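J.: Guided by the hints, dock chain B onto chain A, whose structure is given.
These are the residues of each chain, in order.
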Amino acid sequence: MSEHIVSPKVYIVIFASLMLGTGLTVWAAFQNFHQYNIVIALGIATIKATLVVLYFMHARYSPGRTQLVIVCSIFWLAIMLALTLADYDTRPHDITLAAPQVFYCV
Amino acid sequence: MSNTPLTPDLELPDEHYLNATYGSGIRSWLLTTDHKRIALLYLASVTVFFFIGGVLATMIRIHLLTPGGALVTPETYNKLFTMHGVAMIFFFLIPSIPAVFGNFLIPLMIGAKDLAFPKINLLSWYIYLIGGGFVLYSFSTGGLDTGWTFYTPLSSVYSNSAVTPAVIGIFINGFSSILTGLNFIVTIHTMRAPGMTWFRLPLFAWAHYATSLVMILGTPVVAITLLLAGLERMFHLGFFNPALGGDPILFQHLFWFYSHPAVYIMILPAMGVVSEIIPTFARKPIFGYSFIAGSSIAIAVIGFLVWAHHMFVTGESTYAALTFSFLSYLVAIPSAVKVFNWTSTLYKGSISWDPPMVYALGFIGLFVIGGLTGLFLACLGLDIHIHDTYFVVAHFHYIMVGGAVMGYVGGLHFWWPKITGRLYPKSLSQFAAIILFVGFNLTFFPQFILGYLGMPRRYHTYPPEFQVLNVLSTAGASILALGYLLPMSYLIWSMRYGKVAGPNPWPATGLEWKTDSPPLTENFHVTPEVTWEPYDFQNRPDLGLAAGARPLAPAHGDD
Numbered sequence: 001m002s003e004h005i006v007s008p009k010v011y012i013v014i015f016a017s018l019m020l021g022t023g024l025t026v027w028a029a030f031q032n033f034h035q036y037n038i039v040i041a042l043g044i045a046t047i048k049a050t051l052v053v054l055y056f057m058h059a060r061y062s063p064g065r066t067q068l069v070i071v072c073s074i075f076w077l078a079i080m081l082a083l084t085l086a087d088y089d090t091r092p093h094d095i096t097l098a099a100p101q102v103f104y105c106v
Numbered sequence: 001m002s003n004t005p006l007t008p009d010l011e012l013p014d015e016h017y018l019n020a021t022y023g024s025g026i027r028s029w030l031l032t033t034d035h036k037r038i039a040l041l042y043l044a045s046v047t048v049f050f051f052i053g054g055v056l057a058t059m060i061r062i063h064l065l066t067p068g069g070a071l072v073t074p075e076t077y078n079k080l081f082t083m084h085g086v087a088m089i090f091f092f093l094i095p096s097i098p099a100v101f102g103n104f105l106i107p108l109m110i111g112a113k114d115l116a117f118p119k120i121n122l123l124s125w126y127i128y129l130i131g132g133g134f135v136l137y138s139f140s141t142g143g144l145d146t147g148w149t150f151y152t153p154l155s156s157v158y159s160n161s162a163v164t165p166a167v168i169g170i171f172i173n174g175f176s177s178i179l180t181g182l183n184f185i186v187t188i189h190t191m192r193a194p195g196m197t198w199f200r201l202p203l204f205a206w207a208h209y210a211t212s213l214v215m216i217l218g219t220p221v222v223a224i225t226l227l228l229a230g231l232e233r234m235f236h237l238g239f240f241n242p243a244l245g246g247d248p249i250l251f252q253h254l255f256w257f258y259s260h261p262a263v264y265i266m267i268l269p270a271m272g273v274v275s276e277i278i279p280t281f282a283r284k285p286i287f288g289y290s291f292i293a294g295s296s297i298a299i300a301v302i303g304f305l306v307w308a309h310h311m312f313v314t315g316e317s318t319y320a321a322l323t324f325s326f327l328s329y330l331v332a333i334p335s336a337v338k339v340f341n342w343t344s345t346l347y348k349g350s351i352s353w354d355p356p357m358v359y360a361l362g363f364i365g366l367f368v369i370g371g372l373t374g375l376f377l378a379c380l381g382l383d384i385h386i387h388d389t390y391f392v393v394a395h396f397h398y399i400m401v402g403g404a405v406m407g408y409v410g411g412l413h414f415w416w417p418k419i420t421g422r423l424y425p426k427s428l429s430q431f432a433a434i435i436l437f438v439g440f441n442l443t444f445f446p447q448f449i450l451g452y453l454g455m456p457r458r459y460h461t462y463p464p465e466f467q468v469l470n471v472l473s474t475a476g477a478s479i480l481a482l483g484y485l486l487p488m489s490y491l492i493w494s495m496r497y498g499k500v501a502g503p504n505p506w507p508a509t510g511l512e513w514k515t516d517s518p519p520l521t522e523n524f525h526v527t528p529e530v531t532w533e534p535y536d537f538q539n540r541p542d543l544g545l546a547a548g549a550r551p552l553a554p555a556h557g558d559d
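If you read the protein sequences in the order shown, they are chains A and B. Position one of the first sequence corresponds to residue 1 (my numbering), numbered consecutively onward. Position one of the second sequence corresponds to residue 1 (my numbering), numbered consecutively onward.
Pulled out of the complex, with its shape left as it was, chain A reads as follows:
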């Protein structure tokens, strides 16, 4: 199989996008989006990682079997995150340590 040649123009566009993403991350870090802070930071990071995998790591031009391996790896990551979060999200968060009841025999 011959190696796919990616034009320098594509690399430059992707590099510029990554730099833009970095700038966005820095900007977002100084804003307060309340509960969305982490969502926005991880969202930008995920888009940047996807660009790196697709273009710099040539996943977009790779054979189907290689793409399957990447999808499976992401699926495994999803299993790890989903089942871990399943524990965190279903824990009782409002536990209060009540004083033990004492019964006196009269």
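Derived from the structure by calculation, the hints contain no laboratory data. Take these hints with a grain of salt, some might be off.
[What the hints assert, rightly or not] Here are some, though not all, of the chain A residues that point toward chain B, as calculated from beta-carbon distances under 10 Å:
| no. | residue |
| --- | --- |
| 1 | E3 |
| 2 | Q67 |
| 3 | V69 |
| 4 | I70 |
| 5 | C72 |
| 6 | W76 |
| 7 | T90 |
| 8 | P92 |
[Stated by the list, open to error] The following label-pair restraints were derived from C-beta to C-beta distances:
| no. | chain 1 | residue 1 | chain 2 | residue 2 | range |
| --- | --- | --- | --- | --- | --- |
| 9 | A | D89 | B | D536 | 48 to 58 Å |
| 10 | B | H189 | A | V53 | 15 to 25 Å |
| 11 | A | L77 | B | I120 | 45 to 55 Å |
| 12 | A | G43 | B | F235 | 40 to 50 Å |
| 13 | B | M488 | A | G43 | 20 to 30 Å |
| 14 | A | I47 | B | S28 | 22 to 32 Å |
| 15 | A | F30 | B | F376 | 52 to 62 Å |
| 16 | A | S17 | B | L237 | 27 to 37 Å |
| 17 | A | V6 | B | F376 | 52 to 62 Å |
| 18 | A | D89 | B | S28 | 32 to 42 Å |
[Unchecked claim] Sample of chain A residues lacking proximity to chain B, with all beta carbon distances greater than 12 Å (derived):
| no. | residue |
| --- | --- |
| 19 | S7 |
| 20 | P8 |
| 21 | Y36 |
| 22 | A59 |
| 23 | S73 |
All values reported here derive from a predicted model rather than from experimental measurement. Ideal placement from N, C-alpha and C gives every residue a C-beta, glycine not left out.
T.: Same frame as chain A, now just chain B:
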């Protein structure tokens, strides 16, 4: 070369991988890219770690001879069981069968000349050595006392032992495991001989394919997790320490996401070994080939979904605990499929009690006990009582030692004639297998009772009423040690004085038995073409088993 019936006057082939003349002396070994030589380099390395772990285990058992502790201080005791676990799990059990037998056999079994990436294969051994070097540095500069699980914040904040080099060593060693798994997957996909279809692959190869999936998908997680614990320890970054905004339970989730599937890295290859031995010495095609192959993949996949059963008592949510308990029960199904298929293969088989078979039968018995007691631990209510007791210690030793090590030693006996070209004394090796079985059970069965009675693990002392069972366990450990030293002695002896084995001494049906013993550097004189189904004894006249064929010389004519 074609297989021929054995004759008593066999000779070693003139040229084989052990005497091949590429380079000189030690250099030809340290720079080799031959998968068989790399396998032997691993054999020597894992044996060193096995002995280090074994010596530490011996010290633990001697210490526990008396209720107050007979040998070391409490602090040293903590270090003994930690170093025993680290040496045995990360540097013996995980690499043992894949790196030794997988490396040696997978190319031979699929009719290839080598693994897909021979240089990466050698690199993985050097990475193993570097990782092992860091860990030995940790052991020799005071040792570490966190338990092999490195739970935070003990490991990342409070322990004042040599945690950092050990964590770095295990992080580095992870890459060795990943590269080995990658090599196996690519090799099995791309380098099979003509006619070697997926469903003609030996079950050993299927087991290693499943193991490789676990290695590749799981190892990066534990490597990064331990690195994060190391960063927290060195630079006070808050990942797991609540005082720094971290979460200690997150460490346990990430650690067990790898470390539970790691149990399957240890046991799946041993199951592959047993799947080769059983049909060979029952002289029957294996029962339910496709189910055994599929169950290997099922164990690898479901094994990734059960990790938090190690965390039932950590404050895990009830819903998560129920889910993980159910999934843990589920993984017993493919394991049981294998056991039922092995025993069905034995049914009406022409069973011979050659040493590998004795080990394989021992494996089945011990694995069944280990597996069933795992179901006890997966039960939410019962686990609260026996969590962190000796019941757990006994359970996982039945899986890891009774299962994985029994499979490893059985495999060593099965393929030793292929590796060295020579046989070992039959009666002595059967005796050693029985010694190992008896010693193992005497060591670990009392620990089930101790755990049930409430003796916690990792304590350097215990109430006097537990002494009898502890003394029994220590007595068993000394018998077990003999069970390991005996094979080591006669296998080394056999390298020089053993009877020449010939290409296929058992005889067995795999492709690896159709070449010389020891094999050529290139494995086969001519690329083999596979025209038979796996484990088919009936349509293989070359095995010499058909009625009227020349009688086989006994494999072990020397005793």
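J.: To test your reading of the hints: which numbers does this structure violate?
T.: 1, 2, 4, 11, 12, 13, 14, 18 and 23
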